[in-house]
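If you want the building blocks of each chain, they are given just below.
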Amino acid sequence: MTQTIKYFKDRYDAIVIGGALAGLASALTLAKKGKDVLVLEQHNLPGGVATSFVRGGVEIEGTLHEMMSIGPKDSPLKIRKFFEECGVEINWLRVPDAYRFVDGKTGMNVLVHPGTHGNFETPAFEIARACGDEDGSLFKKILSLLQLCSRVYDSVNILSVTHMSKVRMLMEHPDFVKTAGYSAKEVIDTFDLPKSAVDILSAYWIYVGDILENLPFTVWAVLMADYLGYGSYVPAHFSHEMSLKMAERAMDLGCQVEFGIRADKILVKDGHVYGVRLKDGTEIFSDYVVCSAYPDKAYTSMIEPLSEVPEGALKFVNSKTVGVSCFSVVMLLDDSPENLGIHDYSTFYAPEGMDLNQIFDEYAGEGPYNYITSICTNLANPNASPKGTCIYSITALPRAEAWFNVTEENYAEMKKKNAEYFIRMESERLGVDLKEHILEIVIETPVTIAHYTGAYRGSVYGYMHTMDDHIVARLQMSENENFIKGLAFAGAHQISGDGMGPAVTNGRKAAKIILDQMEEDREAGR
Amino acid sequence: MKIRNLIEDVGGASRVTKRRQELFDNAEGTSKYYDPISETAKKLHPGMIRLTVSEIRPAGKTAKTIRFEAPALPYFQAGQFLTLKMKIGNSIVTRPYSISSAPFETRGEHPFVEITVRKPKENGFAADELLEHTKPGDVFEGEVGLGEFHYDSIRDAKHVVALAGGSGITPFVSMAKEIRFGKLDLNLTVLYGSVNADDIILKEELEQCACDRVKIVHVLSGDNPDWTGEKGFLSRELIQKYSDGDTSYFICGPQAMYEYVKQELEALQIPKRRIRFEVFGQSADISQSEDYPSELKDRTFRLKVKQGIHETVIDAKASESIAVALERVAMPVHTRCRSGACGVCRIKVMDGKYYVRPVNDGRRAEDKEFNYVHACSCYPLSDMTVRINIPVLDE
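Line order of the protein sequences matches chains B and Y. Residue numbers are given in the working numbering: position 173 of the first sequence equals residue 173, and the series is strictly consecutive. Residue numbers are given in the working numbering: position 353 of the second sequence equals residue 1353, and the series is strictly consecutive.
Please note: incorrect hints may appear among the correct ones.
Unchecked claim - In the EDC-like style, the derived pairs of lysine to aspartate or glutamate whose C-alpha atoms are separated by at most 16 Å in a straight line are:
| id | chain 1 | residue 1 | chain 2 | residue 2 |
| --- | --- | --- | --- | --- |
| 1 | B | Lys269 | B | Asp521 |
| 2 | B | Lys315 | Y | Asp1025 |
| 3 | B | Lys315 | B | Asp469 |
| 4 | B | Lys6 | Y | Glu1311 |
| 5 | B | Lys320 | B | Asp469 |
| 6 | B | Lys415 | Y | Asp1152 |
| 7 | B | Lys9 | Y | Glu1311 |
| 8 | B | Lys512 | B | Glu479 |
| 9 | Y | Lys1348 | B | Asp252 |
| 10 | B | Lys417 | Y | Asp1152 |
| 11 | Y | Lys1272 | B | Glu248 |
| 12 | Y | Lys1043 | B | Glu409 |
| 13 | Y | Lys1368 | Y | Asp1383 |
| 14 | Y | Lys1183 | B | Glu413 |
| 15 | B | Lys315 | Y | Asp1128 |
| 16 | Y | Lys1348 | B | Glu258 |
| 17 | B | Lys485 | B | Glu258 |
| 18 | B | Lys416 | Y | Asp1185 |
| 19 | Y | Lys1158 | B | Glu436 |
| 20 | Y | Lys1348 | B | Glu248 |
| 21 | Y | Lys1306 | B | Glu258 |
| 22 | Y | Lys1002 | B | Asp192 |
| 23 | B | Lys297 | Y | Glu1039 |
| 24 | Y | Lys1064 | Y | Asp1152 |
| 25 | B | Lys6 | B | Glu283 |
| 26 | B | Lys32 | B | Glu436 |
Honestly, the hints are just simulated from the structure, not real lab data.
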């Protein structure tokens, strides 16, 4: 049955499937170029996981820990710049510290602050001091490692928007080129740091979801340089502020943004997209579609007909490793952070020690998980919850396959078992029984993510950054990976990978692919 | 700077590209789609399902229990509600009802869920439909297992005192049954306030649940000289009498009872985390709410409704929410809790003035900034323009 009332125009310049950060960044980029864009979001609000929820009358952040690539107002980094260029004005609050790192086995317990404007002396000093640096030599080594990260980071920012010859690249971006073939571990090892320092410097591994042996140095360098050199930020009204302001701005620029509508099919003929079909059979036409669903899903169930999916597209998705999902216990507590003894915005805690291989193996199972990141929202955003309360979350990132055997029968038990383990673990670390302070508790799992966003296997990190699927290789090979003309993908599953900042970058990249294809088609007389 | 030696370092980018190409070359070119996590999510949250009425029986003098069956019912937690979509005259309405059957009864060979509907004193549009016109074999669309009013073993005390009034007993019957049959590890004391013995609903079900872990205490507030049980309201003295050390209090009933009980619990200095209220429904008379401009209460306004590129204009009474105005013309928005809490009926106000009762204002901060409202708890105070979701038709 098709709709008798017309809710859609006959044709759009582009249709964006998915109104999360990547999809909205695509829509904004296309709309700024004067394109007539339709955004279809299946949920009843924008943002995907970049959202908040209300429990007991209190709004609580859904997933965001901290945004990278924002930077201060006077020297904005690329995501803040993009928002400003689009006319999206976010009330950014600076996160006061980088992180506290606690190792339950060695007793290491250190608070690391970020530098500003790309200066790494503060974090280098704090890490070196915690590792017993007496003569300043360790400080120098850590500083030079972070400065290497910084040079690689600067190169990545230039090279992601500029094409240049390999010779010029080697001349102008030598450190980027020379480290591109190595894992984070291989490069870090050349600095001859004590294990204690490496452990502290490894804390952010959870933000990219792979162990340092397998993680491209390039990715790690970007992470370290951005967070430790410039600090991080959160929106005053949670990530929903970012999502909603992007959606509203897209509408101001003429986009039609529809909630509660799911595109089931992407219509393709002779290797080129020509529209989408909704669940009720309504067909909407456009030669260009940005798809936020995982390519795994698009190439196996959304492309209509499936005979239009080239073998290469299936080989592409089958060569990928789906990234981690999340298990998060989010609580509204009935006292202030000070009274509860919570002094840090962000803590990485390895109760059984910093053996990343073991931790990562545990993440492939049903729990317990022995590496967690805890966030107390109020320490960056004092008005986040009513006076005398605070929001506290504890998160691990199990791999998607870890929950394959969880069924509707044992789901509640799995949630409870892991949540209780986390709460006990954090209560012992903080010296306060958190269980005696819970006003509200929400447990987010891979199943929750799959339910709310439709993400393949409930994964929040797209495809894993690995040495076999290296970001530099992704960039070099990307041109040959647009398997269907007029179709681009936007989401964590794209080149820049996971994180809310990279989601925006991925969305902009998808818009660029579409704009290039439009140009090519125009020249070909389509 | 060097990592190994110049040749190896400079060749790194080519090396990783070659590795990636090899990975691609060795991958299979057929579908390997496998997503058990999304399958579990769908089983837990199937959305709208078809519910067939299989049995209707009295549940006291003023209420009936309606049993629904479906080929597959999702798991729910005792205390949660379901919604039913009903076509009544020219309207299409959705209403929430607490589930009075137990979660374990959705498993078994003949899975079912039950609701118990009480005859309302007035204005019972949907209740009338269920009590007077519904018969076995009728089919409804609905969503099962919604809401946050349920016991949480991490958060709550092991002893729960339920404070129930009127039809607010239903979620506790579900909990009591689940405990009685060993499916929920919890001690429950139900303090059930009614005016007279005739007003008690689900009496037999409650009695059947009584055991060492479930205690049922009827409290009558009317003039009942023969009554030997507890009398009066759910007062602090009564609450204290039945509390036992660390206790959580779950409250479900009419609004007057909420306010009274809240004050009594405060007087007992019960910590906030031990008190849980079921969501407030809408006020029967919105004009009685605080700061409501009562001179407008009898007005009818023009509501311009935008859906995609389509526009239509309908009437909207000041005394009814926008969700109701849309239901009256069979243009329903998706609703669940009807209390302003769940936000599923979130719509955008483009223009015009409106009223939201503070207790029903469960909006996100940024939604308020951009004039998004929850249609179930937004009352027009002028002509308005709203944008609502495009309806999704069935296949």
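Each hint tested on the structure:
1. Distance hint between Lys269(B) and Asp521(B) is fulfilled; the C-alpha atoms sit about 15 Å from each other, no more than 16 Å.
2. Note on Lys315(B) and Asp1025(Y): the hinted pairing holds, with a Cα-Cα distance of about 7 Å set against a maximum of 16 Å.
3. Distance restraint check for Lys315(B) and Asp469(B): the Cα-Cα separation of roughly 13 Å lies within the 16 Å cut-off, and the hinted pair is therefore satisfied.
4. For the proposed pair Lys6(B) and Glu1311(Y), the alpha carbon gap of about 10 Å is at most 16 Å, so the pair holds.
5. Distance hint between Lys320(B) and Asp469(B) is fulfilled; the C-alpha atoms sit about 7 Å from each other, no more than 16 Å.
6. Between Lys415(B) and Asp1152(Y) the alpha-carbon distance is near 12 Å, which keeps this suggested pair within the 16 Å criterion.
7. As the CA atoms of Lys9(B) and Glu1311(Y) are separated by approximately 13 Å, the hinted pair is consistent with the 16 Å bound.
8. Between the alpha carbons of Lys512(B) and Glu479(B) the distance comes to roughly 12 Å, so the proposed pair stays at or under 16 Å and holds.
9. For the given pair, Lys1348(Y) sits about 14 Å from Asp252(B) by alpha-carbon distance, which is consistent with the 16 Å threshold.
10. With a C-alpha separation of about 13 Å, the suggested pairing of Lys417(B) with Asp1152(Y) holds against the 16 Å cut-off.
11. The straight-line distance between the Cα atoms of Lys1272(Y) and Glu248(B) is roughly 37 Å, outside the 16 Å bound, and the hint therefore fails.
12. The hinted pair formed by Lys1043(Y) and Glu409(B) meets the criterion: a straight-line CA distance of about 10 Å does not exceed 16 Å.
13. For a cut-off of 16 Å, the pair hint linking Lys1368(Y) to Asp1383(Y) is broken: about 19 Å separates their Cα positions.
14. Our distance criterion of 16 Å between C-alpha atoms is met by Lys1183(Y) and Glu413(B), whose separation comes to about 13 Å.
15. Distance restraint check for Lys315(B) and Asp1128(Y): the Cα-Cα separation of roughly 59 Å exceeds the 16 Å cut-off, and the hinted pair is therefore not satisfied.
16. Under the criterion of a C-alpha separation no larger than 16 Å, the hint pairing Lys1348(Y) with Glu258(B) is consistent with the structure, at around 11 Å.
17. Straight-line distance between C-alpha atoms of Lys485(B) and Glu258(B) comes to about 25 Å, which puts the hinted pair past the 16 Å bound.
18. At most 16 Å may separate the alpha-carbon atoms for a hinted pair to count; Lys416(B) and Asp1185(Y) meet this at roughly 14 Å.
19. For a cut-off of 16 Å, the pair hint linking Lys1158(Y) to Glu436(B) stands: about 13 Å separates their Cα positions.
20. The suggested pairing of Lys1348(Y) with Glu248(B) holds, with an alpha-carbon distance near 11 Å, which does not exceed 16 Å.
21. For the hint linking Lys1306(Y) to Glu258(B), the alpha-carbon distance of about 11 Å falls within 16 Å, and the restraint holds.
22. This hinted pair checks out: Lys1002(Y) and Asp192(B) have alpha carbons roughly 14 Å apart, not beyond 16 Å.
23. A C-alpha spacing of about 13 Å is found between Lys297(B) and Glu1039(Y), which places the hinted pair at or below 16 Å, so the restraint holds.
24. For the hint linking Lys1064(Y) to Asp1152(Y), the alpha-carbon distance of about 29 Å lies beyond 16 Å, and the restraint is violated.
25. A distance of roughly 11 Å separates the Cα atoms of Lys6(B) and Glu283(B); the hinted pair therefore holds under the 16 Å criterion.
26. Taken as a hint, the Lys32(B) and Glu436(B) pair is broken in the structure, with Cα atoms around 51 Å apart against an allowance of 16 Å.
Of the numbered hints stated above, those contradicted by the structure are hints 11, 13, 15, 17, 24 and 26, listed in ascending order.
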